[in-house]
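**Q** I would like the entire structure built from these sequences, with the hints used as guidance.
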Amino acid sequence: MRFSSPAELERYREKLRTGYDPSQPYIAICGGTGCLALGSAEVRQAFEEAISKNGLKVKVRMKFTGCHGFCEKGPLVVIHPQENLYVSVKPKDVLEILEKTVEQGEVLENLLYKDPLTKEKIARESEVPFYKHQKRLVFGMNGMIDPQSIDDYIRIGGYSALSKALYQMSPEQIISEVKKANLRGRGGGGFPAGVKWETCREAHGDIRYVIINADEGDPGAYMDRSLLEGNPHSVLEGMIIGAYAIAYGVSPVQGYIYVRHEYPLAVQYFTKAVETARKYGLLGKNILGKEGFNFDIQINQGGGAFVCGESSALMASLEGKPGEPRAKYVHTVHKGIYNQPSNLNNVETWANVPLIINNGADWYRAMGTEGSKGTKIFSLVGKINNTGLVEVPMGITLREIVYEIGGGIRGGKKFKAVQTGGPSGGCIPESMLDLPVDYDELTKVGSMMGSGGMIVMDEDTCMVDVARYFLDFLKGESCGKCTPCREGIKQVLTILNRICEGGGEEKDLARLEELGNAIHDCALCALGGTAANPLLTTLKYFRSEYETHIRDKKCPAGVCRALVVYEIDAEKCTGCMACAKQCPQNAITGEKKKPHILDQSKCIKCGICYTTCKFDAVIRK
Amino acid sequence: MDKKELEQIVERYNRSQGQIIAILHEIQDQERYLPENDLRYVAEKLNMPVAQIYHIATFYKAFSLKPKGRHICNVCMGTACHVRGAPLVLEELERKLGIKAGDTTPDMEYSITTVNCLGACALGPVVVVGKDYYGNMTPAKVERMLKEIKAKSNGGAKTKVQSEPDEDDDSTGEEKSTQEITAPQSEVKNEKVVEAKEEPEPKPSSVKKEREKKSSKKFSKPSSKKIAGAKKKGGKK
Amino acid sequence: MEQENKILQVKINDKPVSVQYGTTVLEAAKKIGVEIPTLCYHPALEAYGVCRVCIVEMKRGKRSRIVTSCNYPIQEDGLEFFTNTERIQRDRKIVIEMLLARCWDSPVIREFAAKFGIYDTDLEKTKNEQCMLCGLCVNVCRDLIGQSAITFESRGVDRKTVVPFHKPSDACIGCGACAYVCPTGCIKLENLPQERVIERWQSELPLLTCKICGKGFGTARQLEILKEKNPLTRLYLTTCPECREKELAEKMIKQGGVL
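Residue numbers (numbering that gives the first Met the number 0), protein chains in the order written: chain L, 0 to 620; chain H, 0 to 236; chain Z, 0 to 258.
If you are wondering where the hints come from, they were derived from the structure by calculation, not from laboratory data.
Note that this is a predicted model, so its numbers are computed, not measured.
Don't take each hint at face value.
To be verified - Under the rule of at most 27 Å between Cα atoms (straight-line distance), these lysine-lysine pairs were calculated in the DSSO-like manner: (1) L/K14 - L/K58; (2) H/K2 - Z/K166; (3) L/K327 - Z/K114; (4) Z/K166 - L/K320; (5) H/K95 - L/K604; (6) H/K3 - L/K320; (7) H/K67 - L/K474; (8) L/K489 - Z/K126; (9) H/K44 - Z/K114; (10) Z/K114 - Z/K124; (11) L/K474 - H/K99; (12) L/K601 - H/K2; (13) L/K327 - Z/K5; (14) Z/K58 - L/K443.
Stated by the list, open to error - Derived coverage of chain H by chain L (criterion: at least 3 residues anywhere in the stretch with Cβ under 8 Å from a Cβ of chain L; other residues may be distant): (15) 27–33; (16) 99–111; (17) 145–153.
Glycine is no exception: its CB is placed at the ideal position from the N, C-alpha and C atoms.
**A** Below, the structure is given as structure tokens:
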């Protein structure tokens, strides 16, 4: 079935829609990574078995969808049309769900989300605070479609933007619309996509390349993965529109997607999307019947290199070379792959395009701040209650995200910082929680939007250790080409390690700043260029923690093990043996009902006894 | 690998230098490492200098020039797992196996590798071995995890073990799934949550289709089509 | 393209200079006698831009940016470059310190650092390392000689120049270009009576001996390759440069000043 005109596509869409009864019960089982890791595949199996064994009294539709976002509460199951959300579903709950909820519309209280503060149980997905405060435009359809079905995508309106772009707009008009909408790169750079497209179109070259950057390397960020696994066609459609705008009438155009090796499912689903799109005439020659618009896409994988998320390194990798960046004094949009004009955008950026084309730049501009329009997907992780993927309008404050959507800090602990922008970003302290999510606002305070990783940290997080963690990460990922990144990060890390092990000296802080600034100024690429951010922001906002490590040889958060001592208070110890059982080193000895003894020579400072003891008998100094 | 197989792989990728990474992944998936002779042969077939293929094989951390162990323990070192204590888990694992991350035990049974974020942050700290996810890991659970891996590989009975988040996670007062677990309360066992894909199942090639057929995992084709033959009235679409 | 023939006006240290579109800052500076220190730069090769010693401060309106002069192409009018601002001095000093810490055992790097008043550093020093990873050896072998006998391995702090698999390479022709371009002299080339040895690459190649004086003057492989790429006379392939010159001179004299 090849669509050779928008009319054919619309007829097909109509057919799909009439064949779809929205009042029919529909079971959406979340198959995103988080839920999978919590057992949603078994839940799905249970559903399938139950249905095939017992049959059902009603016609029902069931889909194993992409990520719904509320990873903390997985496995997630949503029953439509009533939009009944069930959390932490187990295979043994399945029969009851089918009998009571699906067949009779009854709500099962024990599977509902319970608000920890109000203790209220909430049945409707959209009323759960986690979802209520979000604006799920890009991510929203994940729960309604089977990511492997192009028909599902078409039914909900897919490829209508492509139709409009090819037949009702010129390439220049498309670029103008995307510029007007001020869609900025969602991979972290925040560069205006429309301007990039325009520059690429006007550059000199015999062929143009259009690329999806799916290398998503920031640890703790998995938005792009969930988009590719949940709604791959949305990304593909955006890219095809982009290819048209950039190259139609100017030169041949070829597409690439570069996916991290650690995402095999994303590769699988996107490959399927590409194959079915080809079959439907939405890729290949004369796309949707548009004479002369030929475009196809090759799927490339990464080999485990964070630096390949950098555009010039990614392009080197696509050429079959080691993924080393090069100077970008001549931008890749002018000379990229094989020295031809190449337009690279992030997965989420591409997924925004069909929305802008369908709804218009004005609609898009109505959301967000002056400089940052639309929505952004964040992966909210760390010491937060509601771990998951959230999509919020630009301009929302960090406080709202952490407390209203995130539900506050795990275990009732005190908030300390939120880290955005991954290893290129910085830590934002409590005093700045009212900062709006905005490219420029975040950059002003020394951090950056980044690809969307938002790591929440509490009183038990050591900020010196956080700086050390990121620099250690970058040390392993540096390509090693240029002196400041290769040698500089190593030297900074040496000093940080020394500080965390009790060897800090007064002059260290000034030296760290000096080295950090030189790395920032002189590095060859953005990996090195932003490597100092975690260090410099923690120095700026948490200097006292560094000073405590250096002067007092103590780690206030109790993380740096060389600076922490655990002791058992004999007076409080009840002799319950709980800590002794948990100690991985068998460093605690003692009999029942007698105070226990902690052998310091065996203690590895893991802190398990501290968190296990219910009597506050373990002291951390 | 024999030359014919190598040639087939290279042909499948149209002898394209740009697909070198995919080609090397296929070789490594089968051989558990990249043998020197295979690399030299592929370089020849692709018209690529040996120096270049060598740099590529040593540049990308997914590749190994030395054979890996049968069980690769992949410890997630992502930021979320880090703030929840992943380094301690890694250290304990290194202690128990007597090797450092990146190495393999002399009997070629275990390798330890680290990876930056698997996207299962709600479960952190996470260790993945093959297709099994071990979530909410602590140093104390490492030994049990290793025992389970051994039991599984010796064809032991499927130990359907459950996991509970550590007790300190409960203190928000939220109802956690710990309530529903049937394991005796004094023991804290590890959950083996089975996810279909962290390892090489899906590949863009015909080899993949064969492998999927062999896989007994139901998840390999998640789609609504499975219920087509259901007894209920009418189809499900 | 039209713009590639444009002449642009820029300033270096407040001195005006006209350059063709695409000229690097380093080349422009040379034109007006402004010296910028370099380490990994070699005029015969495309600038790799990795040592970061040749940095300059570029001002465009109110904005300022640090760029490497060896490979920054001038593409617009009105740019201003400064080679020795306080910021540059600070940054350059740190970069050189980092190199010094790495190549503490390299007399060449120590001498270079001394020129900037840097005799020691509190940074952690590496032992027995003389290679500064400038890439000249790898690049000359690949781009100029066309043999790609050597390469980098791994990445980050583990990055090293090596011969693939740490085994002698069939592609090495023993031409010695790598040793010739190496700024620190850490690639040692030795001409034994019958062989040329480049220890770093485990290369041992037989030398051709001069038919006149008997001295070894080039590896057989090297001459083979040269022959493939260039029309060479028998004289070139059988005599060492000194004897060849003498022969040619004598020939010229015999033929009355004409060859």
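**Q** Now tell me, hint by hint, if it's right for this structure.
**A** Okay, the hints, checked on the actual structure:
Between the alpha carbons of L/K14 and L/K58 the distance comes to roughly 19 Å, so the proposed pair stays at or under 27 Å and holds. Our distance criterion of 27 Å between C-alpha atoms is met by H/K2 and Z/K166, whose separation comes to about 22 Å. For the hint linking L/K327 to Z/K114, the alpha-carbon distance of about 30 Å lies beyond 27 Å, and the restraint is violated. Distance hint between Z/K166 and L/K320 is fulfilled; the C-alpha atoms sit about 22 Å from each other, no more than 27 Å.
Between the alpha carbons of H/K95 and L/K604 the distance comes to roughly 17 Å, so the proposed pair stays at or under 27 Å and holds. Distance hint between H/K3 and L/K320 is fulfilled; the C-alpha atoms sit about 25 Å from each other, no more than 27 Å. Distance hint between H/K67 and L/K474 is fulfilled; the C-alpha atoms sit about 24 Å from each other, no more than 27 Å. Straight-line distance between C-alpha atoms of L/K489 and Z/K126 comes to about 15 Å, which keeps the hinted pair within the 27 Å bound.
Between H/K44 and Z/K114 the CA atoms are separated by roughly 50 Å; this puts the pair beyond 27 Å, and the hint is violated. Under the criterion of a C-alpha separation no larger than 27 Å, the hint pairing Z/K114 with Z/K124 is consistent with the structure, at around 20 Å. Proximity of L/K474 to H/K99 is assessed by CA-CA distance (about 18 Å); at most 27 Å being required, the pair is judged to hold. Only pairs whose Cα atoms come within 27 Å are accepted, and L/K601 paired with H/K2 is rejected, the gap being roughly 54 Å.
Pair hint L/K327 plus Z/K5 holds up; C-alpha atoms about 21 Å apart against a cutoff of 27 Å. A threshold of 27 Å between alpha carbons decides the hint, and for Z/K58 with L/K443 the separation of about 21 Å falls inside it, so the pair holds. Look at the region 27–33 of chain H against chain L: 0 of its residues bring a Cβ nearer than 8 Å to a Cβ of that chain, fewer than three, so the hint is violated. Look at the region 99–111 of chain H against chain L: 0 of its residues bring a Cβ nearer than 8 Å to a Cβ of that chain, fewer than three, so the hint is violated.
Chain L is given as covering the region 145–153 of chain H, and this is violated because 0 residues of the stretch bring a CB closer than 8 Å to a CB of that chain, at least three being needed.
The structure does not agree with the numbered hints 3, 9, 12, 15, 16, 17 stated previously, though it agrees with the rest.
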